[in-house]
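So the protein sequences, as listed, match chains A and B. If you count the first sequence from 1, position 67 lands on 85 in our numbering, and the numbers rise without skipping. If you count the second sequence from 1, position 57 lands on 1369 in our numbering, and the numbers rise without skipping.
These are calculated hints, taken from the structure and not from any lab test. All clues stand as given, with none of them false.
Computed spacing ranges between beta-carbons, pair by pair:
| hint | chain 1 | residue 1 | chain 2 | residue 2 | range |
| --- | --- | --- | --- | --- | --- |
| 1 | A | Thr262 | B | Ala1610 | 25 to 33 Å |
| 2 | A | Asp90 | B | Ala1420 | 43 to 51 Å |
| 3 | B | Leu1333 | A | Arg160 | 42 to 50 Å |
| 4 | B | Ser1558 | A | Gly277 | 23 to 31 Å |
| 5 | B | Pro1406 | A | Gln183 | 31 to 39 Å |
Covered by chain B, per the in silico footprint, the following chain A stretches (three or more residues, Cβ under 8 Å):
| hint | stretch |
| --- | --- |
| 6 | 48-54 |
| 7 | 64-76 |
| 8 | 84-96 |
| 9 | 112-120 |
| 10 | 269-280 |
Take a look, some chain A residues computed to stay more than 10 Å from chain B by CB distance:
| hint | residue |
| --- | --- |
| 11 | Arg150 |
| 12 | Pro151 |
| 13 | Thr167 |
| 14 | His169 |
| 15 | Ala171 |
| 16 | Pro182 |
| 17 | Glu211 |
| 18 | Gly216 |
| 19 | Leu239 |
| 20 | Trp241 |
| 21 | Leu243 |
| 22 | Pro245 |
| 23 | Gly248 |
| 24 | Ala249 |
| 25 | Asn251 |
| 26 | Thr258 |
Think of the CB as a built atom: it goes at the ideal place given N, C-alpha and C, for glycine as much as any other residue.
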Amino acid sequence: MEADRYHRALAELLMQLADDDLVVATRAGEWLGLAPHLEEDVAFSSIAQDEMGHAATYFGLLAAVQGGDRDDLAHLRPAMARRNSVMLERPNGPGTYREAPHFDWAYALARHFLYDMLERVRLDRVVQSAHRPLADAAAKIRREERYHTQHHAMWLRDIARSGPQYAGRLQLALDRAAADAADLASAGPMAVEMEALGLLPDASHLADDWRAHVVLALDPLGWSLPPLGGALNGRHGEHTQDLTRMLRDLGEVYRSSPGASW
Amino acid sequence: MNPDGEARTQEFLERLDGGHLVEADDWMPDAYRAELVRLIRLHAVSEIMGTLPEKEWVPRAPTLYRKLALMAKVQDEAGHGQLLIRVAEDLMAPRGENREHIMEDLFAGRQKFHNVFHLPVPTWADAGLIGWLVDGAAIITQGMLLGGSYAPYTRALRRIVEEEAFHIQHGESICMALAEGTAGQRAMFQEALTRWWPALMMFFGPPEDGAALSHQAATLRFRIRSKTNEELRQRYLSKYVPRIRSLGFIIPDPTLQQDPDTKAWTYQQPDWQQWRAIIANHGPRSAARLNLRRTSYAEGQWVRDVMAATRKAV
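Isolated chain A, as found in the complex:
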C-alpha cells in the first residue's frame, strides 16, 4: 500500500515535470524562424531544445518507473492524462504556426519568465528528491536553466528601460499569462504525499516561493504580478482545446504507423 502510494506520487511528479517541459518546448519551438531578430531566433531555439531535452529525460524516468516507452508516453496519452499547467499550453498568439500566425513576443517572454521562476524553485526541491535518478537528472537540468533565467531577465530589463509604451506591452502580456496560471505553482492532488515521502521536499511552500521570486524580479522593474486565474487545473488533467490541438500535431506521424520505427 505504501509502495503503491509512493509509486503514484512519483509518477504524478514526473508527469508534471515531463508534460510542462514538452508543452513549453513545443510552444517555444513554434517561434523557430519567426523570432523578432535573427540572433534571438538562435538563442530562443536553444532554450526550446533544452526544454525538449529535459522533457525527454523526464519521460525516460517515467517510463523506467511505470514501464512502457518514453515516446508512447509523450505522444499517445490523451489530454485528460496530461499534467502540464494550462498557461503553458496556450498558443503564442492568434493563428496557427503553419498558416499566418500572429505571435506575440511579449506574451512568449512573460510566460517563459513565469515558468522559469517555477522551474527554479521546483528544481531546487527536486535535486533533493528521495528518488535518486530524478535528483541526479535535476542537478544537471538546473545548471542549464540558469541560462534561461539570465536570458529572460535581460529581456525584461531592456524592455523596462525602453519606455512606458514597451513596459505597458509587457504588463499586458503578464496579465494574459497570469490569467491561466492558477495551477502553475501547484504540485497537484498528491502534493501532500510528495512532500511526506520526500519526493518533492517542501512542496507546501512551492507556490509562496514562486510568488516571492516573481515579485522580487518584477518589482524593481515597475511591474506587478497580476492576480492568478484559470478555471481549469492542468495538474488534475483539466485542459483547453489548445492542448487537444497541440497533441494532435505532436502525435500525428507517430500514431500513423503504430509500432513502426522512425
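Starting from the known structure of chain A, arrange chain B on it as the hints suggest.
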C-alpha cells in the same frame, strides 16, 4: 570605367589568379563586389527562408529525438543566415545598406531565394528528404565555393559546411528509417522523391547553354566559384543516384543514365520556365512563406526597437 580603374582591375584579377584572397576592407572592383553581394545575399536569404519549410515539421516529428534533432537543424539554418547576412552587410556598408535593406528587398520581391524553399512539404518523408537530398545538393555547391577568392565568405562557409554534414546525416537517418520501415513508410518516401526530383534537378540552375550565363561567367572569372552549374549537377547525380537506387526507390526519370565510358549523366531537363517562375516568387508556397516572414518581421519591429535603444552591438 576609367583607364586607371581598368588597370587596377586587371592587376586585381592577376592577383586572384595567383591565389590571393580578398578581405572585406581591401580594394575590389565594383563588379566583384556586386557579384559577391548578389551571391551571398541569395545564400543568406535562402538559409533564412529555408527555416520555414522544415519548422512546419518540428511539432509533428515522430519522436522526441527527431523533434530535438530537427529543432537543432532549423536553428543551424537560422545561424547560417545570421553569419552570412553579416558577411553581406560588410560588403554592402560602402553603399550605406544593411540587413534591413535585404529584408525590404525580399518583401518587395526584389530578392530571390532558392527554388526548393518555395515548395510544399506535405509529409514527414518530405522533411527527411530535404535534410538528405536538398542539403546534399547544398553541400556540393558550398564545398565548391570553399575555395573561393573572398576570404570572409569562405571562412563562414567552412563552418556552414561542417554543420551541413551533420544535417545530411540527420536527413539520411530519417530517410533510412523510412526505407527500412513498413510498406507505408517506404511508399511515403517514394512519393516524396517523385515530388522533389524535378526541384532537385533545378537546384544547381540551368546548364551552361541556359540564360543565366553572365553571372556564372563573372563569378568563375573572379574565382568566387570554380565549377559550372552542370559540373555540380553531374557530381550530385554520381553521388546520389546509386544510393537512391540501392535502396530500391525509383527516380522518376526514365531517361536517366550514365555513360559507362565518360561517366557523364544524361537526364531529362526539368522545366526551366517553371524554375524561373518559382524563383520569381510564383511557386506553390512562395506567397505564404513570404507573408509569414513579412508578418513576423512587422510584428517584431517593437522588439528590434527595444534592442536598438538598449544594446550597443546587435
